[in-house]
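Protein chains in written order, with the numbering used here: chain V, 1 to 361; chain X, 362 to 607; chain L, 608 to 678.
Treat the hints as calculated values from the structure; they're not laboratory data.
Glycine is no exception: its CB is placed at the ideal position from the N, C-alpha and C atoms.
One should not assume that every hint holds.
If the Cβ cut is set under 7 Å, some of the chain L residues that face chain X in the computed set are [said to hold, decoys possible]:
#, residue
1, Lys621
2, Gly624
3, Val629
4, Gly659
5, Thr665
6, Pro668
7, Ile670
8, Val674
9, Lys676
10, Asp678
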Amino acid sequence: MEKEFMKGCEAVAEAAVRAGCRFFAGYPITPQNQVPEYLAHRLPEVGGVFIQGESEVASINMVYGASYGGTRSLISSSSCGMSLMSETIGWAISAEMPIVLFNFQRGGPGIGDIGPSQQDYFQATKAHANGGGRMLVYSPASLQEAVDIVYESFEIAESYRSPVYILMDGITGGMMESVELPEMRPEDYIAEKKAAIKKEWGLGGKQGRIGRTIMGGDFSGIPLQTLNQKLEKKYLKMEENETRCELYLTEDAEWIVTAYGIGARFAKAAVNRLRADGIKAGLVRPISLYPFPFEAYDALDYTKVKGVVSAEMSIPPQFITDVKLAVKERAPICIYNTSGGVILDSIEIEKMVREMAGKEA
Amino acid sequence: MKTVYKKPACLGVRKRNSFCPGCMHSIASRLVAEVLEEMDLVDNSVMIAGIGCGGNASFGYIDMDVGKAPHGRACALASAYKRCNPDELVFTYQGDGDLAAIGFAETMHAANRGENFSVIFINNALYGMTGGQLAPTTLEGMVTTTSPAGRGNNGEGYPMNVCELINCFKAPAYIARGTCTDPKNVRKTKEYIRKAFQNQLDGKGFSIVEIVSACPSDWHMSPKQCIDFINEKMLPEYPLGEFRSR
Amino acid sequence: MGKGKVIVDADWCKSCGYCLMVCPKGVLGVSGDVNRFGYRYVSPLKPEECIGCGLCATMCPDIAIEVYKED
Chain V
1 MEKEFMKGCE AVAEAAVRAG CRFFAGYPIT PQNQVPEYLA HRLPEVGGVF IQGESEVASI
61 NMVYGASYGG TRSLISSSSC GMSLMSETIG WAISAEMPIV LFNFQRGGPG IGDIGPSQQD
121 YFQATKAHAN GGGRMLVYSP ASLQEAVDIV YESFEIAESY RSPVYILMDG ITGGMMESVE
181 LPEMRPEDYI AEKKAAIKKE WGLGGKQGRI GRTIMGGDFS GIPLQTLNQK LEKKYLKMEE
241 NETRCELYLT EDAEWIVTAY GIGARFAKAA VNRLRADGIK AGLVRPISLY PFPFEAYDAL
301 DYTKVKGVVS AEMSIPPQFI TDVKLAVKER APICIYNTSG GVILDSIEIE KMVREMAGKE
361 A
Chain X
362 MKTVYKKPAC LGVRKRNSFC PGCMHSIASR LVAEVLEEMD LVDNSVMIAG IGCGGNASFG
422 YIDMDVGKAP HGRACALASA YKRCNPDELV FTYQGDGDLA AIGFAETMHA ANRGENFSVI
482 FINNALYGMT GGQLAPTTLE GMVTTTSPAG RGNNGEGYPM NVCELINCFK APAYIARGTC
542 TDPKNVRKTK EYIRKAFQNQ LDGKGFSIVE IVSACPSDWH MSPKQCIDFI NEKMLPEYPL
602 GEFRSR
Chain L
608 MGKGKVIVDA DWCKSCGYCL MVCPKGVLGV SGDVNRFGYR YVSPLKPEEC IGCGLCATMC
668 PDIAIEVYKE D
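Next up, chain V with everything else stripped away, as it sits in the complex (with noise of 0.2 Å):
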């Protein structure tokens, strides 16, 4: 394992590489332009391709396209690029493409500013194309969780057949931090998925078996409402399996703080100085958004939990319509919330935190 002090964009640009991506092609839109200029110069290195579309709707097109062939394939953008893509990205979703987009968040709604945010919640986990269909969401907190979830991310998508959406933001995208880079994926072993999804289901010249036609749908009546039924499975399969929540201090905890990826790292900072001062404040962080894990909010003691603080870089707020949903009014909730490049602020955590607690005692 190799240790590198590297940039956001950067290290999950390179991790990418690693995981066997030999197609990338995107659009300049900051906050993650140093993601196309990364892989510009590296993926050539390894015997990639590289394209800079003429748009994200050119680019998210080309990935799609480059998934036909069996290609790991890679595309990253930031909130209004993503809404540029989200016709194909429905279309991956029902042809059922392993793609993998990165989304470093930046203000919305509109063209909104170049600041961090968390407004692309609806869009990434709920609505991010027409026909409703689901893919896997991760959302990490640090460098090295976001390189070993992208290292992972294109061998879940192959076994899923689904797009895998990793949801960053201005900060974890500029932000630098040492991470442990994972070994490269050798190449022949990148060549035999390849060959794998050509015999399999991709396309590559029938080469003497019946012709294959992929299409995000099918025009045929019943076969649609069975292709919605595989899906809805592959969905469920999802939520049984690919769940992930880190849980920090929740076992003996009264005050919990909740917020995902980079929000996560605030509440943190706050729940260990309530901690330090005798308070018990704990964390659920999840790192899926979808499937968000309802599981980790009902494996709390609401014996002893008096009150929730969600935390979220979004007003209106998004992500809390979820941690309702979880928190099933077990407990009072109190919301924090920033917008617009505001980033959170641990000391307003704490301070609400204590606030609740002061009413409580």
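Put chains X and L on the given structure of chain V with help from the hints.
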């Protein structure tokens, strides 16, 4: 007895086509199948099919590997697919709405990058599948379901000459426009398709063949009338021939 | 002049008429019958006139025509 003509083995085996009588997409698809077979490429080629009537041939009428593309995006898919699978013959099959309206950017930029795949582009002057709406290639004064007063009377602009536009780029290797109004033109169009595929095998870069085509149903004409309409109205706007051949 | 032979698959013909326009010998014509799709399919009404030039098949959008020619 010598065989003068027999249908290609890869055509109409798995599925029939559902083109309208006299549709020239049907002739174009047949020519593509004939050329692929004659060049022994059926087993090693991938069609990236646009959305529209042309897509009709991509559900098994031609027994080959087909990757459907979201409407307009075929040239983006083909750019990536070809670069990742350089040993396979890759071509897009698109209509005028797919290629020149919603997919204009993808088409022009793939051409400008000089991507090494071939484009089969059917120009029938309107959106066929969806019932005959205005397309970028609709003729001046031509009535469609969304230019009821005739193109030009409501700010619809002018017919778009795609080959001439692409001819402005430095990268493309081959640009040709044919039609299927009579056997001579059918044979010439077939030859253009062959060249477009051969260029790709020789790594020469982007090739496009535009085929001026009849759409009897949405033109509300008989196939015979369509041929006259093409000769009298379409071809003056869309002159035939090879604009570039490297 | 070799003698030609044209076969029309009635099931595939959609009666578009392109072949009728190009046959130099007027061999083909709309038959009096209708196929299962309701198209008045074309058939060789004067087969003996066929010279095996293949122009009809060159135009046929629906691969309904096969043409042969004596060597």
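| query | Should the interface hint for Pro668 (chain L) be scored as holding, given a Cβ-Cβ cut-off of 7 Å against chain X? | reply | holds, 3 Å
| field | Satisfaction of the Ile670 (chain L) interface hint, Cβ to chain X closer than 7 Å | value | Where the cut-off is 7 Å and the nearest Cβ of chain X is about 4 Å from Ile670 (chain L), the hint holds.
| task | May I ask you to test the interface hint for Gly659 (chain L) with respect to chain X, counting a Cβ-Cβ separation under 7 Å as satisfied? | result | Since chain X brings a Cβ to about 5 Å from Gly659 (chain L), closer than 7 Å, the hint holds.
| field | Evaluation of the interface hint that places Val629 (chain L) against chain X, nearest CB under 7 Å | value | holds, 6 Å
| field | Residue hint Thr665 (chain L), partner chain X, criterion CB-CB below 7 Å | value | Holds: closest Cβ of chain X sits about 4 Å from Thr665 (chain L), inside 7 Å.
| said: Less than 7 Å between beta-carbons is the criterion; does Gly624 (chain L) satisfy it with respect to chain X? | reply: holds, 6 Å
| Once the shortest beta carbon distance from Asp678 (chain L) to chain X is found, is it less than 7 Å? | holds, 5 Å
| message | Next item in the hint list is Lys676 (chain L). Is there a CB on chain X closer than 7 Å to its CB? | response | holds, 5 Å
| query | Taking the least C-beta to C-beta distance, is Val674 (chain L) closer than 7 Å to chain X? | reply | Since the shortest Cβ distance to chain X is 4 Å, the answer is holds.
| said: Holds or violated: the hint that Lys621 (chain L) contacts chain X, with Cβ atoms closer than 7 Å. | reply: Hint on Lys621 (chain L): holds, closest Cβ of chain X at ~4 Å, below 7 Å.
Hint compliance for this structure: no hint is broken.
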